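Number of protein chains: 4
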Amino acid sequence: MAREINEECGVFGIYCQNHVAVAPLTYLGLFALQHRGQESSGMAVTDGRQIMLYKGTDLVPKVFSEEKLKQLKGYAAIGHVRYSTTGSNLPENAQPLVVDSSFGQVALAHNGNLTNSVELRGELTRSGAVFNTSTDTELIVNLLAQQGGDLETALVKTAQQLAGAFALVVLTRKRLIGVRDPLGFRPLVLGARPDGYLLASESCALTNLGAEVLREIQPGEMVIIDQDGVKFHKYAERQRESFCVFEYVYFARPDSNLLGQSVHQVRKRIGATLWKEAPVEADVVIAAPDSGTPAAMGFAEASGLPFEIGLLKNRYIGRTFIEPSQQLRELGVRIKLNPIGAVIRNKRIVIIDDSIVRGTTSAKIVRLLRETGAKEVHMYAASPPYLYPCFYGIDTSQGTDLVAAKYNIEEIKRLIGADTLRYLSLEGLVEAVGIQKERLCLACFTGDYPLPIRGVTSKHCFEQNGSANE
Amino acid sequence: MAREINEECGVFGIYCQNHVAVAPLTYLGLFALQHRGQESSGMAVTDGRQIMLYKGTDLVPKVFSEEKLKQLKGYAAIGHVRYSTTGSNLPENAQPLVVDSSFGQVALAHNGNLTNSVELRGELTRSGAVFNTSTDTELIVNLLAQQGGDLETALVKTAQQLAGAFALVVLTRKRLIGVRDPLGFRPLVLGARPDGYLLASESCALTNLGAEVLREIQPGEMVIIDQDGVKFHKYAERQRESFCVFEYVYFARPDSNLLGQSVHQVRKRIGATLWKEAPVEADVVIAAPDSGTPAAMGFAEASGLPFEIGLLKNRYIGRTFIEPSQQLRELGVRIKLNPIGAVIRNKRIVIIDDSIVRGTTSAKIVRLLRETGAKEVHMYAASPPYLYPCFYGIDTSQGTDLVAAKYNIEEIKRLIGADTLRYLSLEGLVEAVGIQKERLCLACFTGDYPLPIRGVTSKHCFEQNGSANE
Amino acid sequence: MAREINEECGVFGIYCQNHVAVAPLTYLGLFALQHRGQESSGMAVTDGRQIMLYKGTDLVPKVFSEEKLKQLKGYAAIGHVRYSTTGSNLPENAQPLVVDSSFGQVALAHNGNLTNSVELRGELTRSGAVFNTSTDTELIVNLLAQQGGDLETALVKTAQQLAGAFALVVLTRKRLIGVRDPLGFRPLVLGARPDGYLLASESCALTNLGAEVLREIQPGEMVIIDQDGVKFHKYAERQRESFCVFEYVYFARPDSNLLGQSVHQVRKRIGATLWKEAPVEADVVIAAPDSGTPAAMGFAEASGLPFEIGLLKNRYIGRTFIEPSQQLRELGVRIKLNPIGAVIRNKRIVIIDDSIVRGTTSAKIVRLLRETGAKEVHMYAASPPYLYPCFYGIDTSQGTDLVAAKYNIEEIKRLIGADTLRYLSLEGLVEAVGIQKERLCLACFTGDYPLPIRGVTSKHCFEQNGSANE
Amino acid sequence: MAREINEECGVFGIYCQNHVAVAPLTYLGLFALQHRGQESSGMAVTDGRQIMLYKGTDLVPKVFSEEKLKQLKGYAAIGHVRYSTTGSNLPENAQPLVVDSSFGQVALAHNGNLTNSVELRGELTRSGAVFNTSTDTELIVNLLAQQGGDLETALVKTAQQLAGAFALVVLTRKRLIGVRDPLGFRPLVLGARPDGYLLASESCALTNLGAEVLREIQPGEMVIIDQDGVKFHKYAERQRESFCVFEYVYFARPDSNLLGQSVHQVRKRIGATLWKEAPVEADVVIAAPDSGTPAAMGFAEASGLPFEIGLLKNRYIGRTFIEPSQQLRELGVRIKLNPIGAVIRNKRIVIIDDSIVRGTTSAKIVRLLRETGAKEVHMYAASPPYLYPCFYGIDTSQGTDLVAAKYNIEEIKRLIGADTLRYLSLEGLVEAVGIQKERLCLACFTGDYPLPIRGVTSKHCFEQNGSANE
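Chains as they are written, first to last, in the working numbering: chain A, 1 to 470; chain B, 1 to 470; chain C, 1 to 470; chain D, 1 to 470.
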């Protein structure tokens, strides 16, 4: 799929009472979540007296130098990697956000997308709040600061006013708090090391740090970690859970577990299901690298067809790579995806991609395979047709680019030039995931949104703003 | 004096209805004010639909590239250069500040220092405000956002709650506003070009842009510039005016006029007064460059002694210059101030510095002159003994380093090693400035503070902050 | 193997008579060769009147901006990516080298390592040459400049005096020339596009540019490309060819062909041969990513055991990644190689790595697999024991780190902690490569060096240099 | 004059047998010579075993960090600041140059310009030399390497083949050598500190380091400094000395002495002579800052007219300052030179500039003074009409821009718009300098070149180069 859908964000938190150097652990934790956001990286660290903040608009290892990690001394921290779902990639939009408030210094980082941000922001500005950024995170912080009582009560009241998807990590000078929205759209998992506790968007960030995975934070649950240990608080009645199925399809790292399911194994089962649903005569099964690889292996195993590496992803492609000039445009995909002639030539190829969103990459891949000598190209999508935009944290909220929303499958097949085009069925997906359908958000495939969408919440909606009173 | 007192800030504003490129003019205006602040530079530009902001922690020409100036299209702008009086040199403390509020987008830049910021910040956080920075500017913006009514009314109410020194420039999508505090500590002057109006901390920024100087904004006055032209509004009863006399002594650029007086001429008159007050037998008059030069010239003229260049300031000294290592420390002043042997050797030298604050530079200069062969060194300060810290925008607010607060003149003379040490008298200063004593703030020399100082307002006072409720 | 052996260099050349923008093609060609050298990148471009040079010590996309590529106008170019075999990673050691000489401007880039550089450098300095760098390349250029006759003749005479491995690309204002050493240690291949000719270290750089692969330059052959077309010149009698077998084992990109053999297919055959030579009872076959993957797939196919992804290579690991501090050292390998628990737990694992050089990475991998729950770990090396240092362009020339040179296989097995340790046999390797043994350099496995090694030619040997005459 | 003539270069050398940290001293020495070249800075340091080199294309404090100075351990060093007279501002053109040769490592830095570089370069390439740069310095190094015998003999033979202006500092692993050309165009002075010896282009670099000035190196003299002390060697018969008079007029720093004359005092005498030659009725004397200031002071003293500061040079103007866009072009000079209205308005102004080369700056200054309200503007040049290009190290070698070569004085007066235009007479200049006319090079004023100019030696002459043999 090659980055047609952008990932959202990753959050991380750590509390180690007797530790003075949580910054390097936070660095490694964020690095393990880098696939969830590459635009900015940041962490806030407390030493009990003060919260220090450092962030930048780059990858984790580019933002944090060894010297900087040494300066960020403390025993608790939160961190964030970001792909922007609201707000542009401006330095001030990087997270965490640290503010001084009636609760003293508070740091906050957020994964998800609110659906009532327009109303909330209107109410807050009317009551005198000012906004420096266009992020949901600043909105949450202002809402929090306007609540009375102690911080915990205020956080509960705040969470109860938020609608949409949110997995939050909050840091005060002495406490680490995690909050997950009542429908549990976005993942948040609790872990333990001998010397403390951790929170992370995905279990891979815990296992990579040698930590034990304790359990997922429940939808509508808050966890408070301080010198007295861990305390759970259910702040919302459990309604229908709505965990994002696309985490299995594309976002999550294969070595993570989500709701008890290994992401890698789910993707292999998806491949096997694809074969069951749509067997085909072919010589070899390949993947659109790297995200299609487990499904392709599952497909090959189920079918008995050989799994092969037909396309290599160039491992040096990065942010600074210059797209070739207009006249060399056709070379672009060849530079990024290197076909292995010996595998493809004169073969009937099954190629499996995790999903087809805009369809442009699929068309390029099919053409590249044919130019390399493929006899037939059978394209399989390891998910159902992507029909509806997401408003809960995935950057397809405009919806205008979704090829499956505009064309039927036969038309898409012709557009991308494949001999066959098959999508996974919704039932097949749910079965492969291994979670009851009721616990999953499948809105992007079904249009059945678990939460109403009030007002437009496009990514840039708060960046140009007038006012009547002015 | 060589940077023993740090300058404060400079503000600039421009409104040119039919102009689409005010950014280059703002760039030049800020550049003319660079002497007032070298730590950060920023501007906010409106095209009528939206306010764009760009700032950085460097000199004006380093922050703004040609390409950036082209991108900042608009017909009105405000700008700021900063030396920090509150808050460290952090990127987020750079100004202007642009927020989204109940008045829509508002940009604000500030020169001065509030004396009631602790109380105001306390009240604001208690009412739910959050603070990202430790600057007075963010405090003013939050106070503004909590007022009702239209922006003009709200600004008046805000200004009436502020105590201390403030010269503000405010930009909305369609309007430029200037506000000066009721005592008029800091300067703010209005100018005109054929195509619009300008505001600046000093007249040099207007004349350098080929603009006509109209008049100074009065203490307690607000000026509103929009498509209907210029409107003045007196928001505070005129009390005793208290214009900072140190602007004449050191801060302002010699080609500026303040309250109708040429800064260069005031400094020359100071030199002449010095001679009148304390004539001396000597061979030559030199200046501690560059700030002592006009006074030295005035002294020479009045005395008939020859004015000479005895010390050259190395023009390549800048932020990146490395102080020599410990063993080469004694070379430091020689590298920065280059003595001309032919002028100094075997001469009785009168050297004039604008002021003596900590005294350490004076001691180095005297020693350097003696090593170069001076027969006698007579040190003259072109201002009275600096005895009391400033709380209205100059960074000496600790007061602990003020040599004249700890020693008498005879002791200081011995400390710096001069044959003579003479200060200007207070009366002499006032006479040379040419403004009635009642209109000047002379607190740093007299301790007679025009406004009470409530609570500590040191530069870093908001950077470590706890809270009872946490 | 994870970078225990460092790759050498890659060269590229292009000549397109009627083209004015070969720089973007050279950029893409170098990018396709990036795996051969990541320390510096450079290109020299001629427009017929002058040769322009641009280079830097970074990856290709970091060194070349779009603007820079536009400035480098011309119809012929050479380029180079470098991992240093002689000389440190200093800016001046980056290639190509462009000099002004009796032949006018000449640019030269080199892949390989000379074995008589000490003698040649001594002779040249004695005859008055001076050296700015410690590279073989500067030596070749000086040798060339001291020959008489026309450039072609001089190049032949120069090549005849060089001993060792060299694949050269040379650019004059009007000509592109390629030279391969008489034993053909390093690859160099010729391609064609409709508008011109190309030279590259590997065929992948040609196919990625949509070019046709014509043929490899022969050992001891020179190719001259100019407005009259392509001309071949055999400058040395064919002796025994000695093509580096490690290009198949590790260096070359899987989508390249070398001496007619697909690198990917050779590696798959190696895996199959490994199984034939040493079958094992196990549950699953995995690779040390990414270089062990094709052999692991070949092993799985031959054995009927399932191929799986047990270790994921973190795709964000790069130059700026900070190794965790001492106390977090054990987390290092986990961050780089992410184990998929669901694949490994309770399984008997066959893991296949391309080679074992120092053995330290192998030990970390075995430990990581056991910690993740592997029941047994059977380690297979897809090449014979690496026993002897290379003097022909691979950076193992010290030889002191080669684990197989110090321990026998049983000892290495214990050192790395595996249940089984098996190496490919030499015969198995040759058979899998599919080239007659006589045409291959197998010195690193056999110690049978095709060329005598005169004197020490370590990487830094020319960086500290004294002299008797001084 | 405002940089219409570009300064050339500055060289520095130091040898302190028992010192291990000469790099910081070299840093300070180069910093004191920064006015002689701002394009690149570099130093080569020897610790007795090896010469280390570091250089960059920026000001001294930007190129050398504290850490870098610590790394450059050694007891002897040479350094260079450069404005390019031959060769563009390319990194590889920065000096010193360090090469490995038959004499071992040799570092060399050069101030001046050769007049036989075309012939020498031709001879050297024909004999097999290659050139990486377009500098005279590389040429000298190659010529040196081709001499036989020991280094000292070879240096003498080399110097005897060079024609033109050259002040060289040479460093081997154990020795520091200085060479001045037979006519002594460029300055080179020897100093001593308790722990060793120094060489510098100007005495200010010695006095700033607290060193004693011993004497100038004589024309045609070589000085060798090593563990045996200082040895002088006269390698050329003294012919007519030809010291560059423009060093007094503009290049040298006022606190330097040249041939025993204080530069500051010479410039003051020039001002007095100007008044004697051409008295005028006026109200005030001002300088074109900063280079015209001493002459203006001398003029004022001689005439009895008051000296004033009428134009302030903006001290933040630097390399990154953006020239205003086309429509703001007229503001340019106002931004750089800030007029003090109170000094200029309604006055008859005498303004003194060190020289008038192209005349464009003079025209801008006159216009600025008139716009500020000057009643009359009398422009005085503190040197004779600049008529002939320099081929000995000053960058006016094209000669096409010299206004005095194209127009007579009356015409120039009209072009720049002054009421009066007066130049210093040649005799007046020589008299004020206080050196016999025969010892000075006055070629730029008289056309009487002390050395014949063979061939074109423009700044870029070696950057595009073809060849017959190619």
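No lab work stands behind these hints: they were computed from the structure. Remember, it's a predicted structure, so these values are computed and weren't measured experimentally. It cannot be assumed that every hint is accurate.
Identical chains blur together in the list; that is why a pair holds if it fits in one copy or across any two.
Simulated pairs of lysine-lysine, DSSO-like, Cα-Cα distance not exceeding 30 Å [said to hold, decoys possible]:
#, residue 1, residue 2
1, Lys413, Lys364
2, Lys174, Lys364
3, Lys364, Lys68
4, Lys157, Lys234
5, Lys364, Lys313
6, Lys276, Lys73
7, Lys234, Lys174
8, Lys375, Lys73
9, Lys313, Lys70
10, Lys231, Lys364
11, Lys62, Lys406
12, Lys313, Lys68
13, Lys364, Lys157
14, Lys174, Lys375
Here is what the structure says about each hint:
1. Lys413 - Lys364: within (13 Å within a copy, 46 Å between copies)
2. Lys174 - Lys364: For Lys174 and Lys364, neither the intra-copy (53 Å) nor the inter-copy (37 Å) Cα distance is at most 30 Å.
3. Lys364 - Lys68: Intra 43 Å, inter 28 Å, cutoff 30 Å: inter-copy only.
4. Lys157 - Lys234: within (12 Å within a copy, 44 Å between copies)
5. Lys364 - Lys313: both (14 Å within a copy, 26 Å between copies)
6. Lys276 - Lys73: The answer is neither: 54 Å in one copy and 55 Å across copies each exceed 30 Å.
7. Lys234 - Lys174: within (21 Å within a copy, 48 Å between copies)
8. Lys375 - Lys73: The answer is neither: 60 Å in one copy and 40 Å across copies each exceed 30 Å.
9. Lys313 - Lys70: Answer is between; shortest inter-copy Cα gap is 27 Å, intra-copy 36 Å.
10. Lys231 - Lys364: neither (52 Å within a copy, 37 Å between copies)
11. Lys62 - Lys406: Result: close neither inside a copy nor across copies, 40 Å intra and 39 Å inter.
12. Lys313 - Lys68: Intra 33 Å, inter 26 Å, cutoff 30 Å: inter-copy only.
13. Lys364 - Lys157: neither (50 Å within a copy, 48 Å between copies)
14. Lys174 - Lys375: Neither. Shortest intra-copy (64 Å) and inter-copy (43 Å) distances fail the 30 Å Cα cut-off.
Hint violations for this structure: numbers 2, 6, 8, 10, 11, 13 and 14, all remaining hints satisfied.
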